[in-house]
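Participant: According to this note's numbering, the sequence shown is numbered sequentially starting from 4.
None of these hints come from the bench; they were simulated from the model.
Below, in silico cross-link-like pairs of lysine-lysine (DSS-like), each with a Cα-Cα straight-line distance of 25 Å or less:
#: 1; residue 1: LYS496; residue 2: LYS271
#: 2; residue 1: LYS73; residue 2: LYS55
#: 3; residue 1: LYS377; residue 2: LYS415
#: 4; residue 1: LYS55; residue 2: LYS207
#: 5; residue 1: LYS130; residue 2: LYS143
#: 6; residue 1: LYS272; residue 2: LYS323
#: 7; residue 1: LYS415; residue 2: LYS318
#: 8; residue 1: LYS415; residue 2: LYS447
#: 9; residue 1: LYS195; residue 2: LYS207
#: 10; residue 1: LYS271; residue 2: LYS318
#: 11; residue 1: LYS379; residue 2: LYS345
#: 12; residue 1: LYS401; residue 2: LYS415
#: 13; residue 1: LYS128; residue 2: LYS161
#: 14; residue 1: LYS111; residue 2: LYS147
#: 15; residue 1: LYS213; residue 2: LYS195
#: 16; residue 1: LYS55; residue 2: LYS195
#: 17; residue 1: LYS486; residue 2: LYS255
#: 18; residue 1: LYS35; residue 2: LYS196
#: 19; residue 1: LYS196; residue 2: LYS128
#: 20; residue 1: LYS271; residue 2: LYS327
#: 21; residue 1: LYS345; residue 2: LYS55
#: 22; residue 1: LYS196; residue 2: LYS73
#: 23; residue 1: LYS111; residue 2: LYS143
#: 24; residue 1: LYS161; residue 2: LYS213
#: 25; residue 1: LYS195; residue 2: LYS128
#: 26; residue 1: LYS111; residue 2: LYS55
#: 27; residue 1: LYS55; residue 2: LYS76
#: 28; residue 1: LYS168; residue 2: LYS196
#: 29; residue 1: LYS76; residue 2: LYS111
#: 30; residue 1: LYS327; residue 2: LYS272
#: 31; residue 1: LYS168; residue 2: LYS130
#: 32; residue 1: LYS415; residue 2: LYS327
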Amino acid sequence: MEQKQTYILEMKGITKRFPGVKALSNVDLNIKPGTVHALMGENGAGKSTLMKILIGMYSEYEGEIVFCGKNVKFNDIKQALDMGISMIHQELTYVENMTIAENIFLGKEPALKKVWVNEKSMLDKTKELLNRIGLNLNPKTLMKDLSVSEKQMVEIAKAISYNSKIIIMDEPTSAISDREVDLLFSIIQDLKKDNVAIIYISHKMDEIFKISDQLTILRDGTFIGTYDTEELTIDVLVSLMVGRQLTDLFPKREKAIGENILSVSGLKKESVYSNISFHVRKGEILGIAGLMGAGRTEVVNSIFGLEPYDEGEIKIHGEKVQIKSPSDAINLGIGLVSEDRKHVGLVLPLSVRENMTLTNLHLISNYSVVSKVKEKRVVDKMIQSLSIKTPHSEQLVKNLSGGNQQKIVIAKSLLRDPDVLILDEPTRGIDVGAKSEIYHLITKLADEGKAIIMVSSELPEILGLSDRILVLHEGRITGELTKEEANQEIIMKYAVGG
4 MEQKQTYILE
14 MKGITKRFPG
24 VKALSNVDLN
34 IKPGTVHALM
44 GENGAGKSTL
54 MKILIGMYSE
64 YEGEIVFCGK
74 NVKFNDIKQA
84 LDMGISMIHQ
94 ELTYVENMTI
104 AENIFLGKEP
114 ALKKVWVNEK
124 SMLDKTKELL
134 NRIGLNLNPK
144 TLMKDLSVSE
154 KQMVEIAKAI
164 SYNSKIIIMD
174 EPTSAISDRE
184 VDLLFSIIQD
194 LKKDNVAIIY
204 ISHKMDEIFK
214 ISDQLTILRD
224 GTFIGTYDTE
234 ELTIDVLVSL
244 MVGRQLTDLF
254 PKREKAIGEN
264 ILSVSGLKKE
274 SVYSNISFHV
284 RKGEILGIAG
294 LMGAGRTEVV
304 NSIFGLEPYD
314 EGEIKIHGEK
324 VQIKSPSDAI
334 NLGIGLVSED
344 RKHVGLVLPL
354 SVRENMTLTN
364 LHLISNYSVV
374 SKVKEKRVVD
384 KMIQSLSIKT
394 PHSEQLVKNL
404 SGGNQQKIVI
414 AKSLLRDPDV
424 LILDEPTRGI
434 DVGAKSEIYH
444 LITKLADEGK
454 AIIMVSSELP
464 EILGLSDRIL
474 VLHEGRITGE
484 LTKEEANQEI
494 IMKYAVGG
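Throw the hints in and build the complete structure from the sequences for me.
Facilitator: Shown next, in the form of structure tokens:
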């Protein structure tokens, strides 16, 4: 009798070297069909490197890969796709000037007589995929016209379209809200029933314990162990990941909340949001929650001058102000950390120093000539103050971890010493250790008297840091809660319009 196949994938003794660095050392990964297997570890632990080997991005490595009972070695991504392995990348891989349909079927367009693209078939199949993931969009919409969360959902649809035996999901929920997460988890359950295996990478602990069956932990490129998820607690998992215990993930603080710094009254943008009124005070952290499309990012972008508003009033320190551009907002003491650090907040090929000072040259110049002495002084001070882990200020930002990249985006705003700091998804795509550091930094800034507005799709983050919470639904404020009043159920009730 033929022995039943236990694993759909076995990666044995995988070792990967880069010049001067051993990124992976003798790592094993065994995946059962029809299961969700979480791959856990801090940024830099080797998760992405291991997955890039699996999908053929890195073809030079030591070790062995067995897929569906056969030894395989993929030399490029197409080979892996053709064999039945697809991946949703953390850094979105869309072509912005192409439509949703063209992006999903890029390289595998349905053809008429093997010559022409069958556009009707492509649009129909795209519509089916979008309906399956609960996304009501026209397949002809250009990717550049979508929000970050909509782009993320399109990437999920694209991965599903390959009918793969294994789907790798790298931070698939980093830019989507709880409603879309529930939709994704429902899709994953359907995929499991079809015996598809999911390799799931996420820094959101509640998701890991909700969706995964097993998990493998990497630390500093080494294999720590594979466990049934139900065997572990969050505290034990974090300790295995980081090699130490993390205490007080959300730091406690003595509230020193002062006078109003920023007030917004009757803010409206046609078909986007309306009647937005709130205030934020000195030393206060105001959390803004809501589902994808609720208008959270659009509201804070308008306050920062990135998007015009049609009606309403903004006051700083009680004085009515006109904000028509980001430079107006910056000059009035408002800073913004965007939700999309890779495309908006950073210039990845430039150094830490260049990224920090690029928009702050006037602070380090004498008569329009940059002072290298001043520049080094302010950059080194910010690296030390924010505990940015970099060998030196000339390190290229693209070579740093997500958490340290995020700190650099925050540093750019802090160099101007703003009174109001807007943080849009401040911990998107960073690991639990880095999250803890960002949380302590946010708390420290509030304790220093800055007014913080924090937009986040992570309810534990909203609940753990906020002094007050606004909830938006379809462009309107449906709830305002104190820290004591708030819990996940109440926030979700308001988020769906309750």
